[in-house]
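S.K.: Chains as they are written, first to last, in the numbering used here: chain A, 2 to 411; chain B, 2 to 411.
A portion of the hints provided could be inaccurate.
If several chains are the same, the list does not tell them apart, and a pair holds so long as it fits within one copy or across any two.
The calculated lysine to aspartate or glutamate pairs, modelled on DMTMM-like cross-linking and capped at a C-alpha distance of 20 Å, are [claimed, not checked]: (1) Lys352 - Asp107; (2) Lys289 - Glu103; (3) Lys68 - Glu390; (4) Lys396 - Asp341; (5) Lys51 - Asp341; (6) Lys29 - Asp107.
Simulated from the structure, these hints should not be mistaken for lab results. All figures in this text were calculated on a predicted structure; none of them were measured in a lab.
Protein chains: 2
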Amino acid sequence: MKNCIIAQSGGPTVAINASLAGVMEANKRDKYFDNIYGSVNGILGILDGKVVNLTDIEKSTPGFVEKLKLTPAMYLGSCRFKLPEPSEEEGIYDRIFAYFEEKEIDTFFYIGGNDSMDTILRLSQHARRIRSSVKFIGIPKTIDNDLCGTDHTPGFGSAAKYIATSILEMAHDTMIYPVKSVTIIEIMGRDAGWLTAASVLARNEYSLAPHLIYLPERPFSIEGFLADVEAQLEQRNNVMVAVSEGIRDKDGNYISASEAAADGFGHSQLSGTGKVLEQIISDRLKIKARSVEVNILQRCAAHLSSLTDLDESAAQGAKAHALAQEGHSGIMVTIKRISDKPYTIEAGYAKIDKVANQVKSVPDKWISAAGNDVTKEMVEYLSPLIQGEPEVEYKDGLPQYLFRTYYRKA
Amino acid sequence: MKNCIIAQSGGPTVAINASLAGVMEANKRDKYFDNIYGSVNGILGILDGKVVNLTDIEKSTPGFVEKLKLTPAMYLGSCRFKLPEPSEEEGIYDRIFAYFEEKEIDTFFYIGGNDSMDTILRLSQHARRIRSSVKFIGIPKTIDNDLCGTDHTPGFGSAAKYIATSILEMAHDTMIYPVKSVTIIEIMGRDAGWLTAASVLARNEYSLAPHLIYLPERPFSIEGFLADVEAQLEQRNNVMVAVSEGIRDKDGNYISASEAAADGFGHSQLSGTGKVLEQIISDRLKIKARSVEVNILQRCAAHLSSLTDLDESAAQGAKAHALAQEGHSGIMVTIKRISDKPYTIEAGYAKIDKVANQVKSVPDKWISAAGNDVTKEMVEYLSPLIQGEPEVEYKDGLPQYLFRTYYRKA
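Make the full structure from the sequences, and use the hints.
M.R.: Okay, structure coming up:
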């Protein structure tokens, strides 16, 4: 008997179940594992004995894998749990490896971001130490696109498509009034500006929105920002600004917690970056300003996912399955870009110690000299990732997704 | 020569151009008008001489009407302009009617909400006074669904579909963590709770989110709310609450500007209703709370529109065209519901003085006795309105919309 166990961890994306589906599809084509188990709420499911048999669920659920591929967030639930050092709490490792032995686990797959890759690193190191043959393979996902060792991360392309489409639609909303206005769009990504940069894809032959783009990789100056906005207002009525939630001033202080924010608000800790900038525009330029905090839909709006992203995420799962068969452990599957035009990639892998606990920032050369836009190279990098639309199944006007049915209604 | 002029006004919806397309399609089938003019930025275009010839634009733009039907917000731009009483500023009326005479206008169509219907009322009354033969017909639109005389308003069904889909997707986002949390979703609609009520459509066989729904039609009690949330938290980890931005306490004070808000925040005027409730949950229940202000996408996300809504909106435009031919003036086209199952409607009209300047609230009997949910009758009323998905055309990963190209890039 040779089984595997899969878990999902960290923040949601719309593609994280596609990677799970990819492992399952690969195992249908190429039957290496007898059972695919799913650990509920990440690694915690193993510790708490909450594990489901996905092979059984698939057999009893028509269209399970296809629907799973289009379902947002984590079918298996998530956790925010960083595995302690073995020296701190060896008992946890003992329990995990005892569980693996009991269930005849050949491979553990973890679909997640940086914390999950750290878990893969620790478990694979521990396996070597105790001479366990269990293999550990990480499958990346994050809308932040900030994992090292891979051209981009599953989940990012769909979030980028959501951001670009939303900004185009919000541009239609803003450009209808013949009065001056500024609209600030606050986008997720505290340390890396990839997703904010994707706002550039909203531009088309009739709209240049967003007219200004600010990433956290460059220090943000409020005076510079006001000058940028004023220059834009001379050219058009309705200015749209895309801004990362994580922009900081030259001293590294978050703008959302800046003096300016405190001055305007009294209680800066409750204000998002967008709200702070909205207030500054209102106060200083006396222009109608609005801020939109693009909400959690940027990471869970599966009805607007990128087919390229979903296909690649599934392929990452299949690649992980193949790498397990080849005997690899302590690795993360990766995407290597062969060319932009035609867009060609291939799946590969990287040693987990080279990727875990690191952040991939936007290269400085892909940010405009003035720090208020991105370059053509960024557009060429981003554009292939949002291509294609999956056929979402609707019933009674709503998209059809999956959720675990062994709990009572959520 | 017999021409008409169309204008659009008020806040955006995704269906307002479908009504414009409906007038144009009807005129192709049944050539009553020689030219269809479009007034840019509502009635202001007539006053400022900013009028385009839509018949000409259509001839020179392949697929114009089809693409127009799927384009959000106002192709012709909008305004927030309430026509003064003739006694206050008769000159405006003189200019408008002189323009109509110069352009040989037979009918003026105004697609909009309450203010636009007030404009139709005033212009049609003035026409009678000065014995002008120009006809005035209103075509309703508002995501708020608060116009009287019609079963529902164009634009509402799509906004309702957006709300329901978004909440389902956000439910997937919230239910992944095995920790207690409360998510507050703040929905547009200051005076009428129709759109907030539409959140009920998100419920399905595995998710009961939103678990609580609060409309502005019932007084909101913070203590009652906390008790409701606590009761829900006993049954599940992740509670979702849909709340109208316009909820008020028993004395009529907005919750967003309440004592509780001021206590929590210092600067209540900057806080939305959702943020206030989030803060109250955090402070009083010591539970992880988050609030999401569903942003302007609820009125402009054309990629997620309701086909039923778009078809009905186009049919409302066609009905307006037919009513003009029949010689009607001083009316608004309406939707009359014949039955829920099968869903059957017919287009009709109402005298404009019976509908202008009134608000249609949610009937009290469609709100649950406890005031924290809606009834089965509400679900039966809402459900048909979100059915069907239009075929949105995507190019390079983005939906393809239209915008006026006679200005420089927006």
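S.K.: All hints are to be evaluated individually against the structure, with a verdict given for each.
M.R.: Here is how each hint holds up against the structure:
When the C-alpha separation of Lys352 and Asp107 is checked against a cutoff of 20 Å, the pair qualifies only within one copy, where the shortest distance is 19 Å, while the shortest distance between copies is 75 Å. For the homomeric pair Lys289 and Glu103, neither the shortest alpha-carbon distance inside one copy (64 Å) nor that between copies (36 Å) is at most 20 Å. For a Cα distance limit of 20 Å, the shortest separation of Lys68 from Glu390 qualifies both inside one copy, at 15 Å, and across copies, at 18 Å. With identical chains, the CA atoms of Lys396 and Asp341 are at most 20 Å apart between copies only, with a shortest distance of 17 Å across copies and 37 Å within one.
Neither within a single protomer nor between protomers do Lys51 and Asp341 lie at most 20 Å apart by alpha-carbon distance, with minima of 43 Å and 44 Å respectively. Taking identical chains as interchangeable, the C-alpha atoms of Lys29 and Asp107 lie at most 20 Å apart only when both belong to the same chain, with a minimum of 17 Å there against 68 Å between chains.
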